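J.: Chain by chain, the residues run as shown.
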Amino acid sequence: MAEKTESSRVAIPSFSGKGKLWIGLLVVLMAAGLAAWGYQLTMGLIATGMRNVFSWGLYIMMFVLFVGLSAGGLIISSAPKFFHSHRYEGFARLGVLVSLACIIVAGLLILPDIGRPGRIYQFFTSPDLRSPMVWDFGVVLLYGLLNLWYLWLLTRRDLAARGSSLALGVKDTEAGRERDRTLMFWTAAVALPTAVALHSVTGWIFATQIGRGDWFSPLVAPVFIAKALVSGLGLLLIVSVLADRYTNFEVDREELTSLGKILGIFLAFHVVYLLAAERLPHAWADHFEFWAIMSNFLIGDSVYFWLWTVVGGAVPLAMLALPSLRKRVSVIFTASVLAVVGTMFEGIRLVFTGYEVANIDSAPGISLGGEYTGITTNIWATAGAYTPTVVEIAVTLGIIAFGALIVTLGLKYVPIQRVDAEPSYAADGGKQDQ
Amino acid sequence: MTDGEAYRRDVLKAGGAAAALGVGGSGFLKTLVESEDDKLSNSGIENFVGQNDVVQTVCSPNCRGKCPIDVHVRDGQVKKIEPHPPEDEQYKRACVLGLSHTQRVYDPTRLKYPMKRAGWSPDDPNPQGRGPDAEFERVSWDEALDLVGEKMQSLKTEYGAESVLFHEGSGNYGQTGKSFKRLASLFGATQSAWGIDSNVGRGFNRVTGTGFFLPPTNEAEDWENANTIIIWGADTFASQFQMDASKVLDAVENGAKLVVVDPVYTTTASKADLWLPVEPGKDVHLALAMMHTVFEDETYDEDFLRTRTTAPALIRKDTGELLKASDVFGDGGEQQVVAVEQGSNSPVALEPETGGAYALFGEFTVDGIQCETALTRLRDHVADYAPEKVAEKVGVDAENIRTAIRWLATRGPGGIAPSYAIGRYKHGHIFGQAYAMLMGLTGDYGRHGNIHAEHSGGATLAAGDWAAPDDADPGPSLYFPDYPDAMIDGDPHEIRAVYSIESNMMGNQFPDRQRFREAISSLELFVVADMHHTDTVQNADIIFPVPHWFEQEDIVSGWGSHPHLGYRRKVQEPLWETKDDYYAIRGLAERLGFGDRFPESKRDLLRELASRDDAIDFDTLFEQGTQKKESVPIVKYTDEFPTETGRIKMYDDDAPSEEGVTFDVPRPLEDRTADDHEKADDYPLMFMQKHSRFRIHSQYEMLNWVREINPEPQLDIHPQDAKARGIEDGDYVRVHNDRGEMVLKAKYNEGFQPGLVNTDQGWWSRDYVQGHHNDLTHNEVSEVGQTMAFYDVRVEVEPAPDDVETDKYEANDPRGAGAEAPPAGGD
Amino acid sequence: MTNYGLVIDQERCIGCQACAVSCKQENNVPMGQFWNRVLTEGGEKMDTPSGGYPEDGGSGSLDMQYQPTACQHCENAPCVKVCPVNATYTRDDGIVEIDYDKCIGCRYCMAACPYNARVFNWDEPEHMPEGGTGDVEERPQGVVEKCTFCSHRVDEGLDPACVVNCPADARIFGDLDDESSTVSKYIDKYETDQLLEDRGTDPKTHYISGEMSPGRPQTSDKMESELDDVSPWSDGDDVPSDGDDSAGGESSGGHHSVSGDEVPRVPSVKSGGDD
Ligand SMILES: Nc1nc2c(c(=O)[nH]1)N[C@H]1C(S)=C(S)[C@@H](COP(=O)(O)OP(=O)(O)OC[C@H]3O[C@@H](n4cnc5c(=O)[nH]c(N)nc54)[C@H](O)[C@@H]3O)O[C@H]1N2
Ligand SMILES: Nc1nc2c(c(=O)[nH]1)N[C@H]1C(S)=C(S)[C@@H](COP(=O)(O)OP(=O)(O)OC[C@H]3O[C@@H](n4cnc5c(=O)[nH]c(N)nc54)[C@H](O)[C@@H]3O)O[C@H]1N2
Ligand code: SF4
Ligand code: SF4
Ligand code: SF4
Ligand code: SF4
Ligand code: SF4
Ligand SMILES: [Mo]
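Chains as they are written, first to last, in numbering that gives the first Met the number 0: chain Y, 0 to 433; chain V, 0 to 826; chain B, 0 to 274.
Bear in mind the hints are in silico, worked out from the structure with no lab data behind them.
Fair warning: there could be bad hints in the mix.
Unchecked claim - The calculated lysine-lysine pairs, modelled on DSBU-like cross-linking and capped at a C-alpha distance of 35 Å, are:
| no. | chain 1 | residue 1 | chain 2 | residue 2 |
| --- | --- | --- | --- | --- |
| 1 | V | Lys177 | V | Lys115 |
| 2 | V | Lys722 | B | Lys44 |
| 3 | B | Lys44 | V | Lys678 |
Only a predicted model underlies this, so the values are computations on that prediction, with no experimental measurement involved.
Construct all of the structure, not just a fragment, from the sequences and the given hints.
T.: Here it is, written out as structure tokens:
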């Protein structure tokens with residue numbers, strides 16, 4: 000406890016050729032995204048595939064995904080701290096870095112969705128506190144700041160030790176490290192409910208809406224939390240494995256396997272339990288015969304449903320359930336990818352269930368307000384259909400690339416990898432004098 | 000406007016007072032007060048209410064509407080249209096089309112300059128150059144008028160004045176026609192005789208002595224007094240809705256029973272208490288079954304029959320003629336008919352409007368002549384038409400037939416309101432005769448609440464003989480259906496040139512378009528005056544560009560239900576080089592030597608015409624913008640009928656006949672609707688072209704707002720007929736018969752009778768993927784009806800060939816009309 | 000307080016689209032957008048019925064009605080609650096309106112509205128004719144818009160454009176808080192529905208179906224509250240009278256047994272016009 004050694008290192012000491020290629024790729028994607036956004040700004044949202052009948056699209060779908068993704072890291076790094084445990088310590092810094100990147104991506108995804116981005120200041124000048132979107136705006140902001148603070152807190156002494164200016168003048172003293180441990184405890188204590196709040200509030204954006212059939216369900220918020228756990232942890236595992244492979248970052252295999260198991264539990268909770276909880280009552284209420292109830296319950300409607308439940312649920316769950324498989328990094332990686340992809344389709348499905356069917360669908364229907372890529376050639380539609388345009392895809396990819404860049408730069412400039420294990424917290428660890 | 004504002008302020012005070020009286024006023028008051036000062040509404044959007052110049056004028060197509068409207072103009076632009084309440088405010092009205100003039104006024108299809116077809120010259124008309132590919136060059140008005148004047152003069156010399164046909168359509172309800180006819184009369188040209196819509200009216204006329212188009216009926220304001228309304232072959236709420244919807248609805252709301260007789264479940268049918276889904280062309284059978292029911296129930300109005308009809312008149316069994324007073328009494332009239340006194344059996348000469356104890360039924364011998372009453376003859380005639388017996392043929396449940404006529408016969412005043420649709424079957428005149436007699440049985444003439452037609456006649460300007468001055472030597476007139484023969488074969492006489500106004504004959508007005516195209520191509524000169532570049536204009540040699548109604552001054556009158564005359568004030572000066580028809584007519588008159596017979600300006604003309612109608616005062620009309628013609632009776636048929644006997648003819652001994660059938664009593668006769676028609680196998684479907692709420696004939700086709708709602712022509716078809724032909728909803732189909740074809744989108748419609756298909760009329764050829772609805776219709780008319788039978792048409796439908804280009808409507812332009820503008824009006 | 004509402008009599012509505020188009024005209028609604036749509040309750044296409052064509056000559060099972068649908072001006076308006084920036088708000092007189100200067104174009108309100116009453120200017124708004132129409136300015140690209148109950152007219156004491164232009168007298172506008180207004184009386188007397196009642200939005204647009212109402216003859220463009228005499232309604236606490244109930248004294252057949260030259264009911268419309 001006394002020695003003060005170099006206790007961390009950066010994952011990427013310097014960029015290799017491959018690394019530069021990677022950065023180059025990200026820059027290209029970002030440039031393309033920026034250009035696409037510029038185009039969209041001049042054209043307006045007519046450049047998207049959204050229309051009156053289906054008025055939220057890829058941006059919101061991805062917003063929902065990235066809010067979820069931003070959960071995993073923070074929870075993995077703060078939950079143990081809250082319980083004064085050192086488990087998964089090796090993932091803590093990377094986790095917060097990924098969370099930070101994701102919440103930034105999520106926040107940025109809102110911008111291109113706004114019809115008049117120039118008026119965004121109205122959020123501050125004229126907020127309506129009844130609006131779940133205002134709550135969400137606040138909580139996303141808070142969450143982003145919290146991540147930033149947390150990442151800095153986790154690494155500032157190491158940064159100071161390395162003489163990085165990112166330490167912002169903080170000194171690397173043992174007392175300071177002790178004090179930070181306490182701060183970490185309290186931050187964790189704030190971070191956990193904030194994460195829960197973030198996902199619940201984002202869920203409530205939908206769940207409070209009586210206008211769109213399936214959204215109006217008290218389960219949406221819990222589902223969002225479950226989703227966040229699944230996808231967030233999934234993404235953390237993906238990034239860890241990739242970092243382990245391509246950078247100096249090293250994962251503890253045992254912890255990896257253990258987290259894989261946790262992912263399995265999250266998946267089971269999400270896809271099996273919550274899905275049942277959501278669907279069974281409806282199936283039961285709507286049908287009479289046992290088999291009718293069962294088949295309605297078991298058989299989903301859209302392709303997105305199947306992508307989510309089977310590809311993103313049942314398959315990774317099966318992979319993670321078998322201890323022999325779970326030990327393999329490749330299995331964990333694949334299962335995580337599937338879980339993230341599955342969650343993405345759940346978000347897509349959510350938006351589709353809101354817009355596909357109109358409450359009032361008599362002819363001629365809803366006027367579209369512009370050329371429509373859906374099923375009809377005139378200005379009316381009685382049902383929603385949506386395909387994102389190239390512009391939307393480019394903007395989205397650009398923003399995601401920006402997130403990836405944040406992670407990459409984090410791996411380079413922030414000491415993500417701890418070298419020595421942190422001494423165990425004493426039971427009174429948080430109360431030591433400073 | 001200032002008046003309006005003053006009024007509003009008064010109201011403000013009133014509102015405040017009301018509020019103070021306890022309607023919880025403060026909020027109310029505040030809103031109003033705030034808005035007084037602040038022209039920016041809360042939403043931060045500028046509010047222009049009260050800032051427009053409002054010009055009162057009249058809408059004028061052939062819809063019978065003649066709606067007085069207010070045109071709001073701001074910054075020199077027409078900004079909106081609203082209905083204007085005339086003196087009798089219950090006649091405030093307008094329809095979706097009139098409200099959309101904003102888009103018609105500035106539409107790119109408007110003609111701008113006088114034009115001459117490139118390649119046409121007076122000596123070498125090059126008729127083959129006409130048609131879709133024709134190109135036009137701009138000429139001056141003087142040049143255009145010179146060319147036409149000289150050519151008319153030379154044709155007159157060579158072939159006689161009647162070789163020039165003055166053709167007038169129905170496009171404008173102003174006074175242009177009168178000056179047009181005057182010039183035609185003075186010149187001696189052939190004049191057009193209307194051959195559309197007159198079938199049912201002619202049949203009605205044989206019974207009552209009145210009617211040519213639809214017979215007179217009580218004015219709309221009286222309709223709410225009806226207890227039973229049988230709308231027969233009319234989609235009142237779609238094609239006449241613009242004027243009378245609220246009136247019919249008021250009657251229904253008051254408890255009237257609404258019956259709709261129509262093969263289609265229309266908007267009107269959807270409001271009915273009882274809908275009779277008659278088979279096309281079987282209306283006479285149905286009417287006879289109703290008569291049968293009246294006789295069976297003995298619900299005929301005996302008093303009415305004795306007083307106002309020839310029901311008691313005696314028919315000679317030997318000759319089939321009516322027994323005349325001159326046959327019986329030495330001093331009896333030759334036209335006067337005879338009845339017998341019930342009980343005494345003594346003959347009496349029937350006076351008009353005189354009741355008595357006349358025997359309605361029975362056989363009598365008078366002066367040795369065996370006779371029976373007209374009513375007996377009629378009863379025996381309809382004995383074969385028991386509802387059960389005709390039910391299958393007409394497609395209507397027997398009990399429903401009875402219910403419908405029982406309502407009319409027993410619930411007090413009411414009537415039958417047919418439209419023109421039945422007249423669009425070749426022998427439609429028989430229906431006119433049948434229902435006129437049916438209403439004679441129920442006694443529904445001359446009372447409040449009686450209805451005889453889908454719309455009333457309204458007010459017209461009676462200008463006497465101005466259009467046909469005494470000293471003129473007018474040429475012959477030619478029925479529309481006779482045009483092609485005259486043009487192609489010179490039968491009954493040769494037509495070398497046509498001057499057409501207010502008509503879209505190639506675009507909608509005339510059937511059998513391909514034959515008509517051939518007819519046109521035999522002309523040396525085709526002059527068309529219009530405001531839009533229609534299909535007809537595209538076939539012209541000389542084009543006279545006419546201004547929009549908002550740019551012409553006129554008195555709007557004519558056949559139609561509005562009881563007011565309207566003064567059509569100019570809203571703006573004519574755009575481009577467009578000029579009122581009167582300018583061209585007078586210009587030609589000058590060139591033909593009749594200049595002095597035409598007042599100098601349009602205003603003078605209108606003043607002159609108005610001065611000839613005692614019920615109208617020009618200055619009042621001019622100032623008020625509308626004037627109700629008080630001389631128009633609200634209730635019709637209160638006086639003696641204009642027949643030889645002054646009575647409704649329940650038997651016609653002087654009836655015309657055709658195809659071996661005499662119409663002494665109504666005898667059903669069918670043409671293509673007959674199940675055994677020779678073409679029934681090749682062309683199993685009947686094809687009609689309903690009048691749409693989205694156009695008045697071919698007018699308003701270009702309204703972008705309306706095209707958003709009703710983007711392209713469609714074929715209404717029952718799914719059963721479609722599926723039998725492998726046609727899915729929304730597929731493009733080819734509709735064809737031995738005259739032509741059209742390609743358009745199929746629309747499944749459960750409301751259509753299987754076996755019957757429809758495309759709403761009025762679409763331009765540019766709107767079809769291929770062809771046109773009038774490529775399928777024919778020009779055969781009945782001798783008696785002399786009316787084009789647009790609906791009496793057989794077709795077959797098949798999926799459109801694969802190579803047909805439908806991208807016109809797939810080109811995804813949801814923000815405007817589907818079709819592109821035609822070759823410009825000359826810019 | 001004033002609380003504006005609209006009654007639409009579906010028994011009277013003939014689906015003529017005059018309200019849909021005059022709304023576009025009055026409010027300068029861009030091409031491709033409708034604030035007010037006349038829907039056909041029936042078959043899958045406009046102006047087609049549901050059910051089957053009668054095979055036996057009877058009246059069959061065909062059925063069709065029109066349902067003009069615009070913003071319902073919900074009492075408990077979800078769009079108002081979700082708008083993050085207070086751009087959508089409820090005025091003191093109950094009209095739900097948008098402040099286009101504030102609107103950021105997030106379209107949350109569109110997601111919230113169960114009626115799809117709102118449209119968004121995806122593109123640069125296009126008008127025919129180009130200069131625009133009606134009595135309000137156009138809205139910019141990137142904002143949401145919808146029926147305003149013609150607040151700009153209501154502020155001036157005029158009925159909404161769609162109400163003035165309905166040829167079937169099927170639309171009646173007025174103050175729901177005023178018991179003597181026609182809208183209040185109609186809601187009282189006739190069977191009226193609100194759309195998607197189960198959503199709890201409590202719309203201020205009420206639909207009559209089942210029994211036809213007399214409608215309110217639109218003989219002027221003024222709101223009922225602006226007319227000194229709103230007979231034929233103001234003559235009693237009942238709904239619109241038939242005008243001459245007193246005159247007839249007919250026994251059977253109600254007021255319909257007018258015969259011969261008896262004086263018929265005179266339409267009991269009083270002047271309320273401009274001049
Ligand atoms: N909006 C609008 N209004 C118009 C016009 C317009 O173009 N547009 N045109 C005006 C003019 S000039 C005219 S002539 C009138 C025409 O007015 P209408 O003649 O009333 O119009 P249609 O729609 O042709 O026909 C009315 C109904 O007759 C039905 N029908 C067809 N065949 C038969 C049959 O054999 N028996 C029976 N019982 N019913 C049948 C059709 O299904 C249709 O519903 O409308 C006038 N008003
Ligand atoms: N297949 C089929 N064809 C039909 C019918 C049908 O049911 N089926 N219906 C028939 C019936 S009932 C009728 S009444 C006819 C109507 O046929 P038309 O009388 O041809 O009526 P519109 O189509 O209104 O065409 C009138 C033309 O006049 C023009 N116009 C308007 N105002 C003026 C003006 O001031 N001056 C001049 N010079 N031109 C003006 C308009 O732009 C328009 O092009 O159509 C008939 N055609
Ligand atoms: S088109 Fe006919 S019904 Fe419509 S507004 Fe004009 S005149 Fe009136
Ligand atoms: S109908 Fe829709 S837009 Fe209108 S108030 Fe209700 S929720 Fe809001
Ligand atoms: S789109 Fe405009 S009005 Fe709608 S919720 Fe967003 S800011 Fe409010
Ligand atoms: S009240 Fe005004 S804004 Fe609303 S639908 Fe009617 S016309 Fe349109
Ligand atoms: S204007 Fe009146 S009748 Fe026409 S669609 Fe609208 S509500 Fe119905
Ligand atoms: Mo007609």
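J.: State for each hint whether it applies.
T.: Verification of the hints:
1. With a C-alpha separation of about 26 Å, the suggested pairing of lysine 177/V with lysine 115/V holds against the 35 Å cut-off.
2. Taking the CA atoms of lysine 722/V and lysine 44/B, the gap is near 17 Å; set against the 35 Å cutoff, the hint holds.
3. For the suggested pair lysine 44/B and lysine 678/V, the alpha carbons sit about 32 Å apart, so the restraint of at most 35 Å is met.
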